[in-house]
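Student: On the provided structure of chain A, position chain B as indicated by the hints.
These protein sequences, in sequence, are chains A and B.
Numbering (the numbering used here) for the first sequence: 842 to 1162.
Numbering (the numbering used here) for the second sequence: 55 to 450.
Source of the hints: derived by calculation from the structure; they are not laboratory data.
What you are looking at is a predicted structure, and each value in this text was computed from that prediction instead of being measured.
One thing to keep in mind: the hints can contain errors.
Stated by the list, open to error - If we take Cβ atoms under 10 Å as the criterion, some of the chain A residues that face chain B in the derived model are:
(1) 881
(2) 923
(3) 973
(4) 974
(5) 1103
C-beta atoms are modelled at their ideal positions from N, C-alpha and C, and glycine is treated no differently.
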Amino acid sequence: MTSELVAARRRRVLDAMSERGVDALVLGRQDNVGYSTGMARLWTSGTRPFGAGCVLIAETQRTHLLSSWDAGIPEHVPFDDLYPITWNPEIMASSMAAIGGLSTARRIGVDTCSPGFIRAAARFSPGAQIVPCDDLMASVRAVKLVEEIELVRSACRVVWSGVEAVLSRSDAPTPIGNALAAMTALGATIPSSEPVVRHEGDTTVVDLGAMVGLYEGGVGGRFVDGRREHAPALVDACRDGATHEDLAQSSTGPWLVRGLGMGYETPMIDAQRGQDLTLMTGMVLSVTDGDHRDVVAVTSSEPDVLSTPPYPAGRLVGSGA
Amino acid sequence: MSADDHLTYDVGRMRRERLSRLRHHMAAQDVVATVLLHEPHVAYASGHVGPAVDSTHAVYQRPVAIIGQEGPVHLFADHPSSDLAAEIHPSVFPELDESIAGLVEGIGMATGTRSVGRLAIDEVTGAMLRSGLLDGFDLVDAGRVLGPARLVKTEDELACIDRAQRINEVAMEEVRTACLPGVRRSELAGMFISRVRQLGVDNVLIDPIFQPMPRNLSDGPRTSTGHVAFPTGVGDPLFNEEDLVWVDTGIGVEGYASDYGRTWVVGRDPSSAEQDLFRRWSAVMEASLATIGPGVTLAEVGRAAIGANRGTIPWLPHFYLAHGLGVESAEMPMIGTDLGERFDEQFVLEPGMVLVLEPVVWEDGVGGYRAEEVVAITDTGWRPLGGWPDYLPFKS
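In isolation and in its complexed conformation, chain A is listed as follows:
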């Protein structure tokens, strides 16, 4: 991830704040913090309780980050713009009050929040209106920059090493453990989704995902003798302008088309949800139909499949050759 990419993402967020008249943006979701700042916090699984992970200020264009140290902090954030981790809500409120431009903000955007935050904000930013900005972040993130697409493509390559590990040792007692270990050998120690390995007769069903440098990779499918069954029509249907109806008609099994980038993102389209949504060029999507999953980038013509196996065509997965 280059500093140019981080700067470009931050610029997009600040521009979106300006368009919506948001004076300060308080982000609690770690993926939104990572998008806006480039910071990678120590990964813990599952949901996190809400806390102000970063604060962006429109007036000063500065980024204030929750951290007690400068390790892992992007260069554009000076030490003085860090506020420390704390167990004490009063200390957190003081940290917020000390951020230039927050106490005078009229509109504070949040990606999510809690009753405690709403109460605290009424004190450190009296008179400010709390504005939901989860949709602001979602729309900024939906269309990917070129470098982001390449980061997802290389994350998918890492995930293939997990598939390879499963198929090369079909009798292993803990194939998922082997898959995860194979991905860690490429530095990817964080699984994104719940790993699936299942045997159905001669068929091995695999679905794996990993976070690699803040971007997600994933792939899934039904494998017989090292060959993955053909991609379903749904993958090819992910084109600019495709509607819910287009996707539904192309699907053959239970299906899900959802945003993929710095993890699970919007749009979220399946049989029940996303009736009004339309795909756009630049979206990156995880496309599941039955047991098959590919990751694609929507382009102005046919989709760019980012989860193509990183091997020569015809090579059997798991053969190690």
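Tutor: Chain B only, in chain A's frame:
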């Protein structure tokens, strides 16, 4: 010591007792309904434990639990385990505007369609803010009812923590022998993750930490406290023979977290100066443990630890001397945090509370020793949770 050498637990009884505690605190605080989106909270109230996935996946696939003052827990989740006592409903997606009607219905089921009164909730999503669905309620943080409920563990909860801790220990004691010069953090993480799976546990709750530590505070990252930065979770370091490595891992059993911490050297024996650090750490542990028991304040434990460390605080000032452990890996009670002296003076330990002691002793030029051990407060003192393996290659 084996991972199978564990206490037994009754999951059904554990769920019933937890719900009854939660409802007790709801009634005491006049809370008409509790709406839970945070996974450990949902697990506590409903028994539903999801897979350990990235937070973004957890958010978009999360179960939601809604609890009224009486009646069943309403759990909105796909494929929950079949033995839950909760009433199961299809998933709702609190992130999506189109799903808000389902949430309104759920809250109605729990409150008997009242839309006034005090509602405890742990997260208010953007879609909730836009919809105004919570507008009639007096909102309070769900921690106000969950916090006191979770503070004192049942015997079954303690057994789950004990089991998680033992499995974690077995896996890490094996990984330790692989921490050699030229090995990367990611290799050790891979060994740990696959070993834990072999031991029958799927949920690794934290990206495994194997962090080489500086020998001098001035060599490390700049910090707000002036002490050392840990855990930074940065990069994929390659270990050298001279490294002193702080390790920290955690897994989940029935939703209960373990917390394993040790200091490792890399393919050598500790130097005598490092061994001295460990002795001082042991003295801090002994002094803390000698103080811990029912009726004791957190401040008394903190003072005992400081007394055994020549008057200096033997813990990381951005953290604590000790923290609780349960459905989250750091919860109340916490000793020595920035909540301040007054908090520690007023907080009295009770039987059933859990503490993870994690003293840190530091000698600039030598470095630091850090390890963690878990205790449960008993009627007369404390007992260990987990097997408390040796601190090899450090020796008492």
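Student: Check the structure against each numbered hint from earlier and tell me which ones fail, lowest number first.
Tutor: none
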